[in-house]
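Heads up: the sequence lines are chains A and B, in that order. When the letters of the first sequence are read in order and numbered with my numbering, they come out as residues -5 to 166. When the letters of the second sequence are read in order and numbered with my numbering, they come out as residues 8 to 342.
Hints may be right or wrong, so weigh each one.
Listed below are the simulated DSBU-like cross-link pairs for lysine-lysine, each with C-alpha atoms no more than 35 Å apart in a straight line [claimed, not checked]:
hint, chain 1, residue 1, chain 2, residue 2
1, B, Lys154, B, Lys65
2, B, Lys155, A, Lys112
3, A, Lys97, B, Lys65
4, B, Lys154, A, Lys134
5, B, Lys34, B, Lys155
6, A, Lys112, B, Lys53
7, B, Lys53, A, Lys132
Derived from the structure by calculation, the hints contain no laboratory data.
Chain residues, written in single-letter form:
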Amino acid sequence: MLCQNCGNAEATTHIKRIVNGEASQIHLCYNCAEHLGYANMFSGFGFNISNMLANFFPEFTRALPSVDISERCPTCGTSFEEVVRSGMMGCADCYSVFYDKLKPSLSRIHGRATHVGKSGAFEVAPVESPKFEDTISKLKSDLQAAVDVQNFELAAKLRDEINALEGGTDNG
Amino acid sequence: MAKWYQLQGAENDVVISTKVAIARNVKGYNFTVRLTDDEKYEIADKIDEILDGKLPGKFVSTPMVEVGRDLQISLAERNLVSPEFVSFSEGRTLVTTEDESLSIMVCEEDHLKIQSLLPGLELEKAYELADTLDTILDEDLQFSFDKKLGYLTQCPTNIGTAMRASVTLQLPALSMRGQIPRLANTVAKLGLILSGAYGEADNPIGSLFQLSNQVTLGISEQAAIENLKSISLSIVEQERAQRIELMNSLKFQDVLWRSYGTLKNARVISFGEFMESMAVVKVGVAAGEIAIKNERLNELIFTMQPATLNVEYGQSLDRQVRDAKRAEKIREVFE
Chain A
-5 MLCQNCGNAE ATTHIKRIVN GEASQIHLCY NCAEHLGYAN MFSGFGFNIS
45 NMLANFFPEF TRALPSVDIS ERCPTCGTSF EEVVRSGMMG CADCYSVFYD
95 KLKPSLSRIH GRATHVGKSG AFEVAPVESP KFEDTISKLK SDLQAAVDVQ
145 NFELAAKLRD EINALEGGTD NG
Chain B
8 MAKWYQLQGA ENDVVISTKV AIARNVKGYN FTVRLTDDEK YEIADKIDEI
58 LDGKLPGKFV STPMVEVGRD LQISLAERNL VSPEFVSFSE GRTLVTTEDE
108 SLSIMVCEED HLKIQSLLPG LELEKAYELA DTLDTILDED LQFSFDKKLG
158 YLTQCPTNIG TAMRASVTLQ LPALSMRGQI PRLANTVAKL GLILSGAYGE
208 ADNPIGSLFQ LSNQVTLGIS EQAAIENLKS ISLSIVEQER AQRIELMNSL
258 KFQDVLWRSY GTLKNARVIS FGEFMESMAV VKVGVAAGEI AIKNERLNEL
308 IFTMQPATLN VEYGQSLDRQ VRDAKRAEKI REVFE
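Chain B with its partners taken away, still in its complex shape:
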């Protein structure tokens, strides 16, 4: 079955993916810091039981102690779990659909983090998926809720909706034009955070940024999502405009075709070099000068990462071997 990141999504020339995560805690249990491993597995068992009864066959539940290190890191590389979630395995369980678009991290920071992941800009749909699963589970598990403070979470910063929605944006043109600091400033005033997805906050690998809501108390899920969507769309427009501008520059055209050459011809390539070249090539794709579908490039962001490649080849590959395998896979896309 195809994973969610192999499919096409809206605005996928700029928006790589959408994630909605909802934190919940089960009635009658202390918060995660005060639970024994046995109690943590008890919560996971309850979730399994409910899902087996109500949505049979849809979810697979895996205790993290049964997952090898490469696969654990690969899960984090593909945003299915947080890096924190795989920092240790005991007491933790991952519940997920086969395409990985809907999942639950059991006993990360809160008892449940219900998470949906979709390609492109799909905030309403992603929220609907997570919300439906939340409602189904709430009927039996009963999540701790207070009228004034909303859903109660281990860390008081997340109370209220306890929802974090985020979109991953690829902004090569705005980055090259030095527009990121201005943009980060503007969105902060609107209650959002713009931060680098991989690497440094201001200059991340492959110009990949995450835009997410900051406020969880006093704003409804729908309003938070609407806010995030409209600002995302405005950034998408700005990025598109800057991409058109860039194509007028001979200097940029040179960088573009060299990057294209790298991806089409390299025999050995690191993930970082792939991401940098790919971000530039995106501008050429937008201008219609390079005929490659955005979804094929976006998919590579997830599949070309080191641990994910190891998992695909069934072994922890030597770095050079892995860089060669990566180059081979990328050339297939650029044929």
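Isolated chain A (complex conformation):
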């Protein structure tokens, strides 16, 4: 494929973007990518611009000294640096191990979306454990729903659960 900017050279940099729900893909040659500023995001680490998949992780190539990119996944041994450089995860567990670091890149690729659709039979360790506040608010809305349909038995059970959880925080 030829570069979409100059139309002369082979495109070696491929950038996918979703901005405000609009998906687009840009294919650029080395020179145009550099000229248009797409090379800059790699300047901090000296990564190879032609490595197309690394384009998904500009956050880490834009020099963030506070982020430890040498951390390794205990399952497959892949370091986060390798993930950034190749654009590839080493195994399914890498997603939970590196989740906090991945978050900005994931939301840039996918927006703030979470999965809807088919569910698999097997679940890996969740990338994000459900937050305490979310659990309480879910129980409270379930309680309201139970009261609305006059299912008082369920409502009583839910109220006890909420009390137990909220009591737990007070004591703990």
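Given chain A's structure and the hints, the job is docking chain B onto it.
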């Protein structure tokens, strides 16, 4: 047994084929970049074992190292595998039904790419085929899945449903009218990508385009397919309207009948020239002026490609010999 591309499909005056591909990774194995060839074959063996038990006789499993170069390229020409899949053979296995409508690329980018191919616009049916196979395999293989991120894939761009659905459209009239850039722009706003199937992105060989979904996270399989289907149908309508318009032009009529003459009479023809002429002839077929069934023309898109012709004749043909064989086959259709 007939291959899927020899059959008739819906809207096949414009839509050549439908493909649904689902990426999956097996629990307990690293992703493909971190697997040895032995581990890759181990995954293929597990798939074979499950399919032999649950769907005996339906699938054939072939390690790519046992496949000759012409056949490998032919598989890619017929969209059964990606060009990447045949860029090297070690560790890779193709599992497929005899008619090639349902297949699994083992250890391409992800452990499994379950793929269904059907003629014409058949998105629901293609998804159902791939989905059923996915469910059967998931029971035993257990695919890596996270509630929040969906199916986990080697490349983070594919997480979620990990499904790519695409339709191949032949758009000679919209291309001649210069409507493709506008169309590509519009579909991009709707989360889809329109790109050339062979050759240049904006001006592909034979006006063959691929329309596919881009978003995999936050949209269900059904919603993605419904979206792709409704936009495909709208493009089909636009193409049909433009074809009718074109037939009013004497200049186009001249191009049409010359193209028809080429296909009916040529003694030597390249794949590119065949595709260009065939795309134009499609407009005449739509107008009822040329009596050839669309499925017979569509089938030629797959069977007339160079490596596929080599495979049919059992040898790597000299280019000129191959162009002559191609012309002969096309004349048979136009008799």
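Here is how each hint holds up against the structure:
1. Lys154/B x Lys65/B: holds (33 Å)
2. Lys155/B x Lys112/A: With a Cα-Cα distance of about 12 Å, the restraint between Lys155/B and Lys112/A holds, given a limit of 35 Å.
3. Lys97/A x Lys65/B: Answer violated: Lys97/A to Lys65/B is near 42 Å, above 35 Å.
4. Lys154/B x Lys134/A: Distance of about 22 Å is within 35 Å: holds.
5. Lys34/B x Lys155/B: Holds - the C-alpha atoms of Lys155/B and Lys34/B are around 17 Å apart, at most 35 Å.
6. Lys112/A x Lys53/B: Status holds; Cα separation ~23 Å.
7. Lys53/B x Lys132/A: violated (41 Å)
Violated hints for the displayed structure, listed by number in ascending order: 3, 7.
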